[in-house]
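**Q** On the provided structure of chain C, position chain W as indicated by the hints.
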Amino acid sequence: MTNRRAFMKSGAMALFATGLGGGLPSFVARAAQSQKLNQPYKKGKVLVCLFQRGAMDGLMTVSPYTDPALKAARPNLYMSPAATEGKLFDLDGRFGLHPALEGLFPYFSEKRMAIVHGVGSPNNTRSHFDAQDYMESGTPFSKSTPSGWLNRAVGLMGHDATPFRAVSMTNALPRSFYGLEESLAISNLQDFAIQMRGNPMAANLAAKSFEELYDQTSSSILNRTGKESFDAIRMLNLNTIRNYKPADDVVYPASPLGNALKQIAILIKMNVGLELAFAESGGWDTHFNQGTANGAFARNLKDFGDSIAAFWKDLGAYQDDVTLMTMTEFGRTVKQNGTGGTDHGRGSCLFVLGNDVQGGTVYNQVRSLAKEELEDGRDLPVSTDFRSVFSSVANAHLMINNNQVLFPGWEGASLQLMKG
Amino acid sequence: MQPPRFIKVFSIGVVFTVISAYTPAPQSGTGLSKIHLPYAKAGLTKQQAAAHLLNRFSFGATPGELDAVVSMGLENWLQQQLQANLPDEEVNKRLATGYDALAMTNAQIVNTYVRPDQALQIGVAKGLIRRDSIKVAANTADYRNIIRTLMDSANLKPVNELHRQLINQKVIRAAYSNNQLQEVLTDFWFNHFNVSLTKNQSQQYALTYERDAIRPNVLGHFSSLLEATAKHPAMLEYLDNASSVSNDNNVTNPRLNAQLQKRLEKRADQLMEEGQTQQQARLMKQIAAQKKNEGLNENYAREIMELHTMGVDGGYTQKDVTEVARALTGWTLYPNSEFGAGSAQRKILERIGMNTLLQRGFVIQGDFLYRADKHDQQEKNILGHVFPAGGGYEEGMRVIELLSSHPSTAGFICKKLATRFVSDTPSADMVKKMTAAFIKSKGDIRQVLITMVEQVDFWKPANAHEKVKSPFELTVSAIRATHADVQDPFQVFNWCARMGQRFYYYQAPTGFPDNAAFWINTGSLLNRMNFGLAFATQKIPGIKMNWAQLNNNHEPESVEQALTVFSEILLPERNQEENIKRLLPLVKDVRIGAKIAAAADKAAPVTGGEMKMAEERPLKKQERKALAKNSKQPLQIPYTAGTNSPIAQVAGIIIGSPEFQRK
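Residue numbers (the numbering used here), protein chains in the order written: chain C, 2 to 421; chain W, 91 to 753.
Same shape as in the complex, but just chain C:
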């Protein structure tokens, strides 16, 4: 695998460029010229955000199992550390981690993973659409905010652009990435090429032609982006991606999420300038037959936990640079519904994993689940604003210090869950 840092360190810029079979990538050249960065590919910090669409049941994922109200409200869904009640991993004598997350439990024990409970939006909408929109734009009471919070984060970091600075492993650009800063949505890195089905030779010729045409165009944006596109193709090296072998013993789940996280790991290891990565996982809208230690929810949660665990192991020496944060638009009703599931609620929980995380703690203001303590008499109240978590991670890990731009109109305090 081409390691850009190695080249930079040895000062073998020319060698690197020759290796690419053409001129120096234009954005390398621009970056090198700029005053901002002496080393254009200085290894940077990476934040990986994972959106669980559909509203994950936080009360089953990280269960306040000692609360008798929970057992009463969920006779068929209740779990505890007891062998007969699902064998939760006991986190602190009050909260238990779902057994399907056995892959993540060690990171909690090693204090590298933090959990935040009762987290959500101050806007009490229980519409998936609205809640996701508010969480991703970062403005819970304004729909017209044109940009997403992660796009603003990219802008605030202010580093030189590479095509892979902000990458979403999705078909379409997520709301979080809307905005002025260039970002890339791609569900399969292997698509990043000039392709002609069944005619690779013609594809090569076409690529050559395109490169020349874009090099000559009078439109500056097409000219610049064209150059960057072909540089990026060479950087990615499809053979490397195709033949990628994760670190020893690491097996990614054969699922869309596993695949997305694997490709993010590839980008991180390739040192292509990735700073923000986005992936998503679905199937959390468990209105029926949620199950407990087994069943639909447990299967989904296992995929979620195993994918993250595989990603983290695979990163190996890169772990110091990476923080992974999960999020979901809201939680689910405390009470089980009539079809063995749960309906739309308010507070849920999220995970933050990284070596600069003060882990091993369930950060929470969660009180009793007795009815009079619940929001609208039915839901776990939102006691931690999602922005206080997101800003904390962005401030500490990405060195962003302008929460007024990151979350316009928000005047709350960040939750201190990061080291330093």
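Hints may contain errors.
[To be verified] List time: in silico SDA-like cross-link candidates among lysine to any residue, alpha-carbon distance up to 20 Å:
(1) W:K678 - C:P409
(2) W:K678 - C:G339
(3) W:K629 - C:A204
(4) W:K247 - W:N235
(5) W:K550 - C:D161
(6) W:K183 - W:R301
(7) W:K247 - W:L185
(8) W:K183 - W:D578
(9) W:K505 - C:S145
(10) W:K753 - C:N224
(11) W:K753 - C:T218
(12) W:K506 - C:P147
(13) C:K209 - W:K671
(14) W:K409 - C:S145
(15) W:K505 - W:S495
(16) W:K629 - C:A194
(17) W:K634 - C:S220
(18) W:K753 - C:S219
(19) W:K753 - C:P147
(20) W:K550 - C:S219
(21) W:K671 - C:P147
(22) W:K216 - C:T218
(23) W:K678 - C:Q217
(24) W:K506 - W:K550
(25) W:K505 - C:P147
(26) C:K209 - W:R672
[As the list claims (entries may be wrong)] Non-contacting residues of chain W with respect to chain C, defined by C-beta distances greater than 12 Å in every case (computed):
(27) S123
(28) E165
(29) Q173
(30) T195
(31) L210
(32) L218
(33) S243
(34) N245
(35) Q291
(36) N387
(37) G430
(38) R450
(39) R510
(40) D519
Since the hints were made in silico from the structure, they are not lab data. Where a beta carbon is used, it is the ideal one built from N, C-alpha and C, also for glycine.
**A** What follows is chain W alone, placed relative to chain C:
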């Protein structure tokens, strides 16, 4: 399927809107002033001007269209487009089968095209399935099967099929409609008043939204568009006005509030009887009280000012937003579902009876419903205008009138139109003149467009080709330029999605940004190139074209001639010499590549021109090898035939080239 709608009352305003939208304008004497297009002053020939006009006012020229526009006169073509009443047999033919939703009412659609959860609800209500029977579903696949069987037996169809029809009809109309400007503007105004299929509550209404609220009004007065979108279920749901109710029912509507209170108390009593605890009954009352106090939703009020009319710097305050929201309380949709909560609400309305509702100030216009009982009746002050206490439905109409005639609105809308039609950064002078026309004509969109094309600025070479096509414009312009036959329009959607435009799915009410920087990034640009190649070499299933036919079945005599012919078809009135100079070496390469590929495939086509090795570069070692491998096979590669023909490949390169991305 259609629920018995007991009465529909149209207000004068709506009748007027409908008439103005559906009555075809007379062929002559349209009331539009004679148009003068000052392209010569900008140094453009008539041909060049026609090309520019087609680039901006249509989804791209079809073969021969440019000459046709020149011969009929640019002004006449424009007049025709502004009337938008040309017959559209091709579109009608293509939409004749497989598009039943296009003729359905909202009520028919919501009771036919349903989400899985709605299907379940309907199944339970019809007694086709027991609610708890889904418990037998062990996994998602089983669940899907149950739902599928249920849908078949209840004559329901998946909502995705509705979306397919919406998406496909957009492609078909853009590619084949004779009323091109109407389609360009439908795209523009839908995006301006964006609603999204990503929102469950509004997705079933998007089709009728475009059909009834947008398309009939795109060349009318701005206020008609604003009113039609404000009252359409899609917008009412998308920006939540449908559920926005007065915070002050208690004060303003004592009688209705007493009724509400009575109902809630009754429900609390029921809970007691059902053996629930007193505590739960108390909670029930608490919820009722909370609901009463949390009724106002400002989303639509904010966006109607910020995004639809005045613009973020248009000079309104947060107080105005709240006041507009209050004036629009009670603006909702007529419950049209046969099942679930909608059905229950409809029954309540029917039980009360039309006469009583009208007496109470309710208004019903098609699917729009004004609920007087949800309206905030206290005094309001909007943009300096006092709305006295005791008002009702007419307050919303007054808001629409105030906003559509506000000078900030004229400026905001005209800048957006100029950005779409002229340049990403239109000149202040251009916008100023358009704004004046907007104000003078009371928001007549046609007068604004005419004013725009009457500016020399519109025709300046600096503005020509400076707009980058959206992915939708790119795909449709390729289809039009090649007379392609689109049997599977959804393929266009798939490609647009890969290039960054999942149309109808843009989540934010802002709509897609309209500038080159948004559309062009490394990933999307590579996909544009790949689209060009896949399209031209006929690798996109369900989209076919005939390259030979485009040249009247004449096989070009030389590489140069082939290039000249097909660059002119794809990029009319551009600098062909420059294009050809750049493309010539490429086509020679491609031709050799095609020979090698053909040799390797042992499938060389039999017709066509001879090999002209002399005009091509010497073969590389590797290529000679490949050719030698099959030297017995006569190598005759025609320019145009076959999917891997040199022309197909070069056309693919042209469509993926920077020039073709510009309009």
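**Q** Is the hinted pair W:K629 and C:A204 satisfied, with a Cα-Cα distance of at most 20 Å?
**A** holds, 13 Å
**Q** Sort out whether W:K550 lies within 20 Å of W:K506, counting only the CA atoms.
**A** At roughly 19 Å apart (the allowed maximum being 20 Å), W:K550 and W:K506 satisfy the hint.
**Q** Taking 20 Å as the top limit, are the C-alpha atoms of W:K409 and C:S145 close enough?
**A** Measuring from Cα to Cα gives roughly 17 Å; hence the hint holds.
**Q** Is it true that the CA of W:K550 sits at most 20 Å from the CA of C:S219?
**A** Given that 20 Å is the threshold and the Cα spacing comes to 16 Å, the pair holds.
**Q** For the pair supplied as a hint, W:K505 and W:S495, is the alpha-carbon distance within the 20 Å limit?
**A** holds, 16 Å
**Q** Against the 20 Å threshold, does the CA-CA distance of W:K634 and C:S220 hold or violate the hint?
**A** Distance of about 31 Å is beyond 20 Å: violated.
**Q** Examine each Cβ of chain C, and state whether all of them lie more than 12 Å from the Cβ of W:L210.
**A** violated, 9 Å
**Q** What's the verdict on C:K209 and W:R672, does the C-alpha distance respect the 20 Å limit or exceed it?
**A** holds, 12 Å
**Q** W:K678 and C:G339: Cα distance at most 20 Å?
**A** Given that 20 Å is the threshold and the Cα spacing comes to 70 Å, the pair is violated.
**Q** Does the alpha-carbon distance linking W:K753 and C:T218 stay inside the 20 Å limit?
**A** holds, 14 Å
**Q** Just to be careful, I want the Cα atoms of W:K678 and C:P409 compared with a cutoff of 20 Å; is the pair within it?
**A** violated, 56 Å
**Q** Does W:K183 pair with W:R301 here, judged by a C-alpha cut-off of 20 Å?
**A** holds, 18 Å
Checked against the numbered hints above, the structure breaks hints 1, 2, 5, 17, 19, 21, 22, 31, 35, 36 and satisfies the rest.
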